[in-house]
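Participant: Residues per chain are reported as follows:
There are 2 protein chains.
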Amino acid sequence: MIKTPTTTFEQSAEQLAKSLATNDIAAIAMVFHPLGTTETLEQLERLNTIDRALAYRTLPKDRAVEVFERLDASLQADLVAGLQEKDVSEVFAELSPDDRVALLDELPASVANRLILGLDERQRALTSTVLGYPQGAVGRYMSPEFVITHPEMSVGETLERVRAQLDDAESVYTIMVTDAGRCLKGVVSLRDLMRAEPVERVQDIMKKPISVEATSDVEEAARYCADAKVLVLPIVDAEDRLVGILTVDDALQVLEDAESEDAARSGGTEPLRRPYLATPVRSIVRARVVWLLVLALGATLTVQVIGAFEATLEAQVVLSLFIPLLIGTGGNTGNQAATTITRALALGDVRPRDVFKVFVREVRVGALLGLLLGTLGFVIAGLAFEVSIGLVIGLTLLGVCTMAASIGGLMPLLGKAVRADPAVFSNPFISTFVDAAGLIIYFLIATSVLGL
Amino acid sequence: MIKTPTTTFEQSAEQLAKSLATNDIAAIAMVFHPLGTTETLEQLERLNTIDRALAYRTLPKDRAVEVFERLDASLQADLVAGLQEKDVSEVFAELSPDDRVALLDELPASVANRLILGLDERQRALTSTVLGYPQGAVGRYMSPEFVITHPEMSVGETLERVRAQLDDAESVYTIMVTDAGRCLKGVVSLRDLMRAEPVERVQDIMKKPISVEATSDVEEAARYCADAKVLVLPIVDAEDRLVGILTVDDALQVLEDAESEDAARSGGTEPLRRPYLATPVRSIVRARVVWLLVLALGATLTVQVIGAFEATLEAQVVLSLFIPLLIGTGGNTGNQAATTITRALALGDVRPRDVFKVFVREVRVGALLGLLLGTLGFVIAGLAFEVSIGLVIGLTLLGVCTMAASIGGLMPLLGKAVRADPAVFSNPFISTFVDAAGLIIYFLIATSVLGL
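In order, the protein sequence lines correspond to chains X and F.
Each residue of the first sequence is one higher than the one before, starting from 1 at the first, in my numbering.
Each residue of the second sequence is one higher than the one before, starting from 1001 at the first, in my numbering.
The set of hints was computed from the structure by calculation and includes no laboratory data.
For glycine and all other residues, C-beta sits at the position ideal for the given N, C-alpha and C.
One or more hints might be untrue.
Said to hold, decoys possible - In the BS3-like style, the derived pairs of lysine-lysine whose C-alpha atoms are separated by at most 27 angstroms in a straight line are:
#: 1; chain 1: F; residue 1: K1357; chain 2: X; residue 2: K61
#: 2; chain 1: F; residue 1: K1061; chain 2: X; residue 2: K207
#: 3; chain 1: X; residue 1: K61; chain 2: F; residue 2: K1061
#: 4; chain 1: X; residue 1: K229; chain 2: F; residue 2: K1207
#: 5; chain 1: X; residue 1: K18; chain 2: F; residue 2: K1061
#: 6; chain 1: F; residue 1: K1061; chain 2: X; residue 2: K208
#: 7; chain 1: X; residue 1: K229; chain 2: F; residue 2: K1061
To be verified - Examples of chain X residues lying across from chain F (beta carbon under 10 angstroms, computed):
#: 8; residue: R70
#: 9; residue: S74
#: 10; residue: E157
#: 11; residue: E197
#: 12; residue: A278
#: 13; residue: A296
#: 14; residue: T340
#: 15; residue: L397
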């Protein structure tokens, strides 16, 4: 489907494995020779740390820099350990300041300091601008190299400035317009500059800028960049002075990483820092075990609830048959609500202040779902067992669905309010609180309907 | 944090609600007057269908087109119903062909046909090119308006072509290089063109193109565009002839929609077609009820398994205390594995052919997790109840975690192999099969250890 002018991915992977096994440097180089940067990356990401360093060293110089730039920072740090000091400083100098900072975060302090000292003065200054912002702030991900013009400048002069910075600027397709005090006044696209007459003033064709403060959360800024469909998002300081730009490809990378993290956490595991096949088994275990323990400890609540109703169960063992089904349905209903609200929060469709609206909606949704499932449960369980059991199951489903949907819908909002990740915050609550509350509803309804 | 030169979101929303309640058109227009396109969109998305049409009509013409372009196709279709025929055809003519096709898919056939007939000939031809590809294919999302040059052309001539198409082309920052037969030969960036001498040939500065076939899955193509960090991805037909381009902002939109869909489905609900607060309660119920029913019906398997061991439970009611904890832990372990593998598949870190590698890894991960949790379970349950119960719980946790991780890891791969969505495919399997299998493991271990 997707066209690459080469052998298939699997063929290359096989050849590469064979060449690595025999330590055949020339053969390794041959495998990479016909591949593009993206394919080279995909192959490298699947190798273990030692093989990756070995394979990387066979790449020609310019390709090596391109590949290095696009590796995850954690894999870059692995590579640095396997390369010669000289190779590293050369590649390091080629990175853009934001990529450099991401790598520095991954390296031991001694290596990091040596690398910074190896930079020329200008690059060192640019790097430390970016380094100055806290982790997770968009300032860390911005590029401090961009083209500036001024409102009273002419289109022709501005185009000259663009031409002078074709090599250095991170993006030349959106030009920042600032006043004498570096305050952001507008943006103008290269397309509009080319369309205008050279004597026109920039202020007559520039657009109102949207911008983000450098201390803002990077994920929020990246989503803003994506939603606004701009190639470049200006980053300003508290006084509205331009300090950098976030390009759409960096925004995309941020969103993809955030998506990986969210997907992992909402599945109850820490995100892996390396591609799956390149992650040691013990790291995978480490990423999962804490969550599993927390959830298992939370689940001891259900042991206690059932223990409290042990007499009821002894009188009617048949009640234990429905435990997994009932708490499963509660969990599913809660997850549905939490998933919907988490996503709506991420997209800005729902805000924390909408908490009451969300609650009312989810109570209604949960009650309707409970009515449908409860009626069905009443009929099926009533036929298969007896009418009184059917009544218990039906009423419990109604109660559990209403409770689960409303709790599930509120949890992400509560998570957001206490500044936790909504997806992460919801999961343990739903699988412990909703389970335990569901069991209590079940046994209370059972004891009163069955007269136990 | 994010700077907008206006009143806060909440203030605008409040004012808007007030003005809509009193049908005060002038006041509504006032609310939108200071807002940018993004803020206007955010406000409109929160309204119900009728209020949205009313509010939209107060926007000035050029702003209206901009806003319309960026609305979801389903909301566009809602709007069309509330607007005058003339307004609609004007806006429709302004849309780019790919956006036009997305809207057409949402409209009743009669409205769609009338709108197509209202287009001029060139736009009608461009629209039908895009309409010719199946839904879900990248051809549906591409733009057929782009700048073309040829390898033997000079840089100066190419820049002339760019200037001539500044108004029409979807992107002018990446220029397609084709031969006389429209076959894609390379791409050249406007930056490189500006850097080169006007007499240089395009073939000396063009880059090797990466491209995607028009019938390819759009999500795959969008991710490819994002991974390759290109502003524009060329789309070709089976004979490598250029037919369109996918721009990075359209790719971003595709990825965001796909993310919403995946998040919804892996949470066991159909994605909502409209923003949460703009979706009627009965639509939310409809999006959730089918999944809930399927999962509840699947869970009747657990009723049968427990029913088969009812005698065991009657002899030892204490065993029922641990049912939620054990199947919960199994479900969590399975979900962790499924989440990790689903994500690794999406990122291309794991391929369906790696199934055996994944299985071996997940068995090891599951066994290790089971060993840790099982030991803990043995100690705690042994102390709280008796040693034999502790042994049952410990061994069951070992067995359940190993089983759940391996099944959970395989499911997304199996889903991918049968061309189902890995996230959707895994969920019902894990919550029914893993639950039932876990219960069987539990009762078998219990009967043999306790000698029942």
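Participant: Taking the hints in turn, state whether each one holds.
Facilitator: Going through the hints against the structure:
Among the hinted pairs, K1357 of chain F with K61 of chain X is inconsistent with the structure: their alpha-carbon atoms are about 33 angstroms apart, more than 27 angstroms. Our distance criterion of 27 angstroms between C-alpha atoms is met by K1061 of chain F and K207 of chain X, whose separation comes to about 17 angstroms. At most 27 angstroms may separate the alpha-carbon atoms for a hinted pair to count; K61 of chain X and K1061 of chain F exceed this at roughly 54 angstroms. Among the hinted pairs, K229 of chain X with K1207 of chain F is consistent with the structure: their alpha-carbon atoms are about 26 angstroms apart, no more than 27 angstroms.
The straight-line distance between the Cα atoms of K18 of chain X and K1061 of chain F is roughly 64 angstroms, outside the 27 angstroms bound, and the hint therefore fails. Restraint check for K1061 of chain F and K208 of chain X: the C-alpha separation of about 18 angstroms stays at or below 27 angstroms, so the hint holds. Taking the CA atoms of K229 of chain X and K1061 of chain F, the gap is about 20 angstroms. The hint holds against a cut of 27 angstroms. Proximity of R70 of chain X to chain F holds as hinted, the smallest CB-CB distance being about 7 angstroms (cut-off 10 angstroms).
Annotation: S74 of chain X was flagged as interfacial toward chain F, and the flag is violated, the nearest CB pair being 13 angstroms apart, outside 10 angstroms. The beta carbon of E157 of chain X is not positioned within 10 angstroms of any beta carbon in chain F (closest approach about 15 angstroms), and the interface hint is therefore violated. At its closest, the beta carbon of E197 of chain X sits 12 angstroms from a beta carbon of chain F; the interface hint therefore is violated under the 10 angstroms criterion. Restraint check, A278 of chain X versus chain F: the minimum CB separation of about 8 angstroms is within 10 angstroms; hint holds.
Satisfaction of the interface hint for A296 of chain X is found here, the shortest Cβ-Cβ separation to chain F being roughly 5 angstroms, below the 10 angstroms cut-off. Interface restraint check: T340 of chain X against chain F, minimum CB-CB distance 6 angstroms, threshold 10 angstroms, status holds. Restraint check, L397 of chain X versus chain F: the minimum CB separation of about 8 angstroms is within 10 angstroms; hint holds.
In terms of the numbered hints stated before, the structure departs from hints 1, 3, 5, 9, 10 and 11, listed from lowest to highest.
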